[in-house]
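Going down the list, the protein sequences come from chains X and Y.
If you read the first sequence in the numbering used here, its first letter stands for residue 1, the second for the next number, and so on.
If you read the second sequence in the numbering used here, its first letter stands for residue 514, the second for the next number, and so on.
Misleading hints may appear alongside valid ones.
Said to hold, decoys possible - The calculated lysine-lysine pairs, modelled on DSSO-like cross-linking and capped at a C-alpha distance of 27 Å, are:
hint, chain 1, residue 1, chain 2, residue 2
1, Y, Lys-606, Y, Lys-538
2, Y, Lys-606, X, Lys-119
3, X, Lys-383, X, Lys-350
4, X, Lys-101, X, Lys-169
5, X, Lys-291, X, Lys-354
6, X, Lys-311, Y, Lys-538
7, X, Lys-91, X, Lys-13
8, X, Lys-91, X, Lys-119
9, X, Lys-413, X, Lys-119
10, Y, Lys-538, X, Lys-413
11, X, Lys-377, X, Lys-350
12, X, Lys-413, Y, Lys-606
As the list claims (entries may be wrong) - Over 12 Å on every C-beta distance to chain X, these chain Y residues come out as not near it, computed from the model:
hint, residue
13, Thr-527
14, Ile-610
15, Glu-611
16, Gly-612
17, His-614
18, Tyr-683
19, Ser-684
20, Glu-707
Worth flagging that the hints you see were computed from the coordinates, not collected in a lab.
Every residue, glycine too, gets a C-beta built ideally from N, C-alpha and C.
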Amino acid sequence: MRVAISYPPIINKYGQKAMVSQNRNVQFFKKPTYLLPVTHAQATTWLRDLGHDVLWDDGNAQLKSYDQWFSDLINWQPEVIVFESTTPVMKFYWRTVNQVKERLPDCIVVMTGYHSMRKPEETMAESLTDIVLRSSHVDFALARLIPFISTNPSWRLTCNLEGLLIRMKGIELRSTGNFRQVEPLERSPLVDRDLVQWNNYAFENGNFLQTPGTYATSVIRDCMFGKCTFCRYNGSDLTFSMMPVERSLDEYENLINNFGVKEIFDDSGVWYRGREARQFAQGIIDRGLNKKGCYFGINTRFEYLDEETIKLMGKANFRFVLLGYEAADDETLQRLNKGYQLQHVESCLKWMTKYGLHPHLTIMVGYYWQTQEQLDKTVAEVKRLMLSGLARTLQVTLCTPLDYTAYHQECIKEGVLLTQDYDDFDMSKLIVKTPVPHDRYYGAVRDMYSVAFHPRFIFRQLQFLLKFRKRDWQFLFTYGLRAIRRVRQHIFNLTRNEGTPAAYALPTKNVKY
Amino acid sequence: MYRILEVAHLTESTVRLRTERPRVKILAGQCFNVGVPGSGINREYSMYSAADAPYLDFLIKVVDGGCVSPIFQKLQVGDAVEIDGPYGDFCLKENEIEGQHFVFLATGTGIAPFHSFALTYPTLSYTVLHGIREPNEQYGSEDFRRESYIPCISKNYLDRTSIRITDYIYSNPISANSIVYLCGNRNMIVDALEILREQGVPGDNLITEVFF
Numbered sequence: 001m002r003v004a005i006s007y008p009p010i011i012n013k014y015g016q017k018a019m020v021s022q023n024r025n026v027q028f029f030k031k032p033t034y035l036l037p038v039t040h041a042q043a044t045t046w047l048r049d050l051g052h053d054v055l056w057d058d059g060n061a062q063l064k065s066y067d068q069w070f071s072d073l074i075n076w077q078p079e080v081i082v083f084e085s086t087t088p089v090m091k092f093y094w095r096t097v098n099q100v101k102e103r104l105p106d107c108i109v110v111m112t113g114y115h116s117m118r119k120p121e122e123t124m125a126e127s128l129t130d131i132v133l134r135s136s137h138v139d140f141a142l143a144r145l146i147p148f149i150s151t152n153p154s155w156r157l158t159c160n161l162e163g164l165l166i167r168m169k170g171i172e173l174r175s176t177g178n179f180r181q182v183e184p185l186e187r188s189p190l191v192d193r194d195l196v197q198w199n200n201y202a203f204e205n206g207n208f209l210q211t212p213g214t215y216a217t218s219v220i221r222d223c224m225f226g227k228c229t230f231c232r233y234n235g236s237d238l239t240f241s242m243m244p245v246e247r248s249l250d251e252y253e254n255l256i257n258n259f260g261v262k263e264i265f266d267d268s269g270v271w272y273r274g275r276e277a278r279q280f281a282q283g284i285i286d287r288g289l290n291k292k293g294c295y296f297g298i299n300t301r302f303e304y305l306d307e308e309t310i311k312l313m314g315k316a317n318f319r320f321v322l323l324g325y326e327a328a329d330d331e332t333l334q335r336l337n338k339g340y341q342l343q344h345v346e347s348c349l350k351w352m353t354k355y356g357l358h359p360h361l362t363i364m365v366g367y368y369w370q371t372q373e374q375l376d377k378t379v380a381e382v383k384r385l386m387l388s389g390l391a392r393t394l395q396v397t398l399c400t401p402l403d404y405t406a407y408h409q410e411c412i413k414e415g416v417l418l419t420q421d422y423d424d425f426d427m428s429k430l431i432v433k434t435p436v437p438h439d440r441y442y443g444a445v446r447d448m449y450s451v452a453f454h455p456r457f458i459f460r461q462l463q464f465l466l467k468f469r470k471r472d473w474q475f476l477f478t479y480g481l482r483a484i485r486r487v488r489q490h491i492f493n494l495t496r497n498e499g500t501p502a503a504y505a506l507p508t509k510n511v512k513y
Numbered sequence: 514m515y516r517i518l519e520v521a522h523l524t525e526s527t528v529r530l531r532t533e534r535p536r537v538k539i540l541a542g543q544c545f546n547v548g549v550p551g552s553g554i555n556r557e558y559s560m561y562s563a564a565d566a567p568y569l570d571f572l573i574k575v576v577d578g579g580c581v582s583p584i585f586q587k588l589q590v591g592d593a594v595e596i597d598g599p600y601g602d603f604c605l606k607e608n609e610i611e612g613q614h615f616v617f618l619a620t621g622t623g624i625a626p627f628h629s630f631a632l633t634y635p636t637l638s639y640t641v642l643h644g645i646r647e648p649n650e651q652y653g654s655e656d657f658r659r660e661s662y663i664p665c666i667s668k669n670y671l672d673r674t675s676i677r678i679t680d681y682i683y684s685n686p687i688s689a690n691s692i693v694y695l696c697g698n699r700n701m702i703v704d705a706l707e708i709l710r711e712q713g714v715p716g717d718n719l720i721t722e723v724f725f
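The shape of chain Y in the complex, shown without the other chains (with noise of 0.2 Å):
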């Protein structure tokens, strides 16, 4: 059992949970299995803190009709969570993390290995390009250095016009050396890989964790 640290409703539908860490080896880009205790069943997140932060941090999205996800959401500091783990080999590679740019694309909680990446590795070349429907969904955006967040929002808001990740690399091709990350929704990495593959992006630069 590990006790919950911090809350933070970052959004309606998205919580983040801060916890206490197991004493075991992580790796940035790794997942866990969280649980309620007694609930008999557990879910896999992926972590959203860095590799060494002395607790875990989750992004949890609410999943309308979910069985799991909307009893964390009613979670409080002090309460008690199952957590087994790490599992997973969705991290960067030891030898490429010098010297390499990486790409990562990601939808909604998804940003959360690449969050992980960017706290643990601080001289890490990237850029994050981030699908989101709504602005204030740009979790831990300053955490990334800032010209390399680019928040890809779906929805019109002010006077910007809505564009989405595959828009994005479509218009603005990706360099068929760099090593590409694909986090989050099925349907975007689907679409997002066919485009890469068109831009001569070799498929065993292209990397992938799918959310749902």
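So that you can see chain X by itself, here it is in the shape it has in the complex (with noise of 0.2 Å):
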């Protein structure tokens, strides 16, 4: 079949494009900062080895505009097309999807990612689409469906695969129960870094610390921890899977050795631990993957990397760890469900910077119930460890309900939603009631990434600079020229509200999406 994975341009009022970022959160910016949708990359290798006529279809990534995308797609003519939908684009795919439909009628539209997999009845009530698949395991189950599709003209009829939602008739849908939430890893592909374009990824990036950078087959897929309310790696219905480490170092020796790359980021929910950290990391060192100037990055949780191991990882090269670190008084973790605790912050910053890597933390503000001591206690404290050198970067966010999780849902029944139409999700600006004005913590951003000009900031970051093994100055200005870049981006995307008058306690819109 000819199976299209598609990722439309979606451009904003301010001239701003959709990104895909961290947590496969969407925000605008108007720099560009391209993440390779891992999962949906394996799947469409995944399709191309089954002996489908696959198209990677990033007009994002491939620096389309809207119509240009739209009529390529239309001339290629696809018989599947597949999308990944999250909530602050929700209503602009249901519109995507009635046009696609009304060129291609016949055409087989399959939605999938966070957002309709929590709500796959509304999809299908505000589009066209004929199939909503409910599993995070995009690959797998599209290994299966699209094949089944293929031999079987009756297929909405006969089709049990499960974690489908499927189109009949009209509005007469038909569910297939809920997904398998457990897959073997193993047997889904490695990416085809060619099929995808990998270049296209590889140098606008803000966590890479080098490029050509890359991001690697994920080793786990959702999260180990998986209870943070706010995540959409989290729910009863979500386990994590892992990837064997041996797999995963084959692909680090291949993208090293075969595509020249200077930085792997591992953007996993969150990456091994453990037994198989050190594993990974002895492995790296084994394979002399340490000495080829090629840096790595990981996504992990505070509490889950024992000094050993992040010694280990120092001498295998390891330096950008993005850490969620959210806030700095113990009732927002709590509500979060974080399961770490702020006493053990600074032990695990520290052993992580004495071994030469790279802490990142990410920062929210703009929780229904955050009070003004408990946001100036998380910006003091964010200053603090920014300054004492114990943070090297951060990316503070306005902690926005997405996807129906958990944070979602509780926001919905404690009805502190100031709106509910899905196109002010896009994390731009506060949509919750909050104890204190929004300008509050508009103004708390503003503070938390003015850290990057303080004097002493820019100290610590050269002493830092100079323990590097490789003493790569040229790395000071790429990486802090781009840092900068994107401190003002941060800043404007999050605090283009203040002084608007969208105060705290607005009644809820009454726009239905």
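Could you use the hints to bring the two separately framed chains together as a complex?
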């Protein structure tokens, strides 16, 4: 079959493009950041391996306008189109699906992603989507579904593959039940880099310390912990799957030796820990991959990696470590189910910086319960960690309920959502009632980002760079400039609603979706 | 900080830790993050004890090359641990507890949540299949109803031939209207899901918790 895995370019009124960012969130940015959608890339590779004619159709990364993207897609005449949904672009996707169906009525549109998997009936009601795939294992689900469709003309009636909501006729729908929660990741192919045009994602990504960089085929899908209320990788129907260490090492070796990558980032829900983490780092060293000038980055949690493991990772040339810090008060961490204790943050960061790792903190503000005192504490603690050199970089976002996560549902239950219009869920403004005016949170964002321009922070960064085994001063300029650009962009995005009358207790908008 | 009340070395590589209980509501099947004070690392462990017990029990499998479990193995009564939680919803639904038959598939220490279920809900109707390597790994088997506990021992011993959970369910199909909980080793869960789906157990009736 002719299958397109499609990401349309989505541009907002500020001329910013929707970019998939951390944790599969969509945010609008003027300056590009292109993240490879790893699971969909694996799906594409797998379908190609099964003999299907696939189109990797990322209009964003391929720098297309919407019209160009649309016309190219229609001209390719796909039999199946796969989209990935998330809350802030749902309305856009529904319109796009309907436009596609108008031009290609027989084309089967499959909606994947964390929003539609939580609200499948909604997408069926709001668009002409044929199948909502409720599984996070998009690669496994499509590798079963597409061959079935291609050999069963009456697939709408007969397909019993789990995890699907199928449109029968008009509004008549059929569910095939819950999806398979655990899949053997070793059976899903490693991403074919050429097929997904890896170069398009190799340079414009603020998380890369060096370029060309790339994303590894994730070693963990969803999350080992999987309990944080705001996170997509949480829910009774989600559980983590893990790829064997040796297979991941093989991929790294291939990426370094055959593609010349200088940085590999694994954006798994949470990377290996314990024995597997040590085996991986030791494997990098044993294969001599730590001597090839390539940095490795991961996403982990506080209290997951011990000093011995971190030391080994430093030796193996790991650098960028993304840590979800979220807030500096115990009440918030408990309400978010973060599962770590603040008292251990400092020791973890000390180990990381001691062995040359580059801790990157992600912080959120604007929880519907967050008091001024809690906010001030977070700002003060983040600044302290940054200025003392315990954390190297940070990313602050407005906590936005998305994709019907536990936090999203809690906001609905508590009646604190200020809007039901999904377009408002783009993380550019606070959309929940809060104990203090929204401007205070926007101010906190500005305050935390302003650390980047503090002389003490700059001094710490220089001090850190001098410790690099690879004394690459080019790094200072390339990464430094990119970092400043990103900081400016984040401040613009997250504070542009500052001073607007979007008060913290506005009545809920009556617009549905 | 919570003190250790009891340490039982069940096998060479499995230890049961009994600790003081946090004063919070706990549901059978939930897990806690347990850490060694000052170490800065923790791990999730499912509760092994009844939800209303005045203490918490955890079954710890000591991982060769691991960073946390070998420390737990050396803990003694009176030592302290950090406990954070409870978390998770690998729990039975209140409205299904009466009148529903459950099948529990576990490997090794993955028996912990099912042990907690059996102690918490004494009238529960269930069959538990426990996949283990050695006969001495039948942790807490005396707490399950005798006719409901089926050990699947993968190593040959005495006159019994080895059997795995997947062999058992292949030869003894699970009723399609059972609710099946699976906990433990990922490979067992993947293989068992395949068989259960072939036997007609709907996806909505399959609930999993992967340990490793």
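Cβ separation check - Ile-610(Y) to all of chain X, threshold 12 Å: About 16 Å separates Ile-610(Y) from the closest Cβ of chain X, which puts it past 12 Å; holds.
Lys-413(X) paired with Lys-606(Y) [C-alpha distance capped at 27 Å]: 20 Å, holds
Restraint check for Lys-91(X) with Lys-119(X), where alpha carbons must lie at most 27 Å apart: 13 Å, holds
Verdict on Thr-527(Y) as a residue remote from chain X, using beta-carbon distances over 12 Å: Per Cβ check, Thr-527(Y) is outside 12 Å of chain X; nearest 17 Å; holds.
Pairwise hint evaluation, Lys-350(X) against Lys-383(X), where the allowed Cα distance is 27 Å at most: With Cα atoms ~16 Å apart, Lys-383(X) and Lys-350(X) stay inside 27 Å; holds.
Holds or violated: Lys-538(Y) to Lys-413(X), with C-alpha atoms at most 27 Å apart: Cα-Cα ~21 Å, so holds.
Consistency of the no-contact label for Glu-707(Y), given chain X and a CB cut of 12 Å: Check fails; 9 Å does not lie beyond 12 Å.
Hinted pair Lys-606(Y) and Lys-119(X), Cα distance within 27 Å: 21 Å, holds
Distance rule for Gly-612(Y), whose beta carbon must clear each one in chain X by more than 12 Å: 21 Å, holds
Hinted pair Lys-377(X) and Lys-350(X), Cα distance within 27 Å: Holds, at roughly 20 Å.
Tyr-683(Y) non-interfacial with respect to chain X [C-beta, more than 12 Å]: 18 Å, holds
Minimum Cβ distance from Ser-684(Y) to chain X greater than 12 Å, as the annotation requires: 22 Å, holds
Violated hints, listed in ascending order, are 6 and 20; each of the other numbered hints is respected by the structure.
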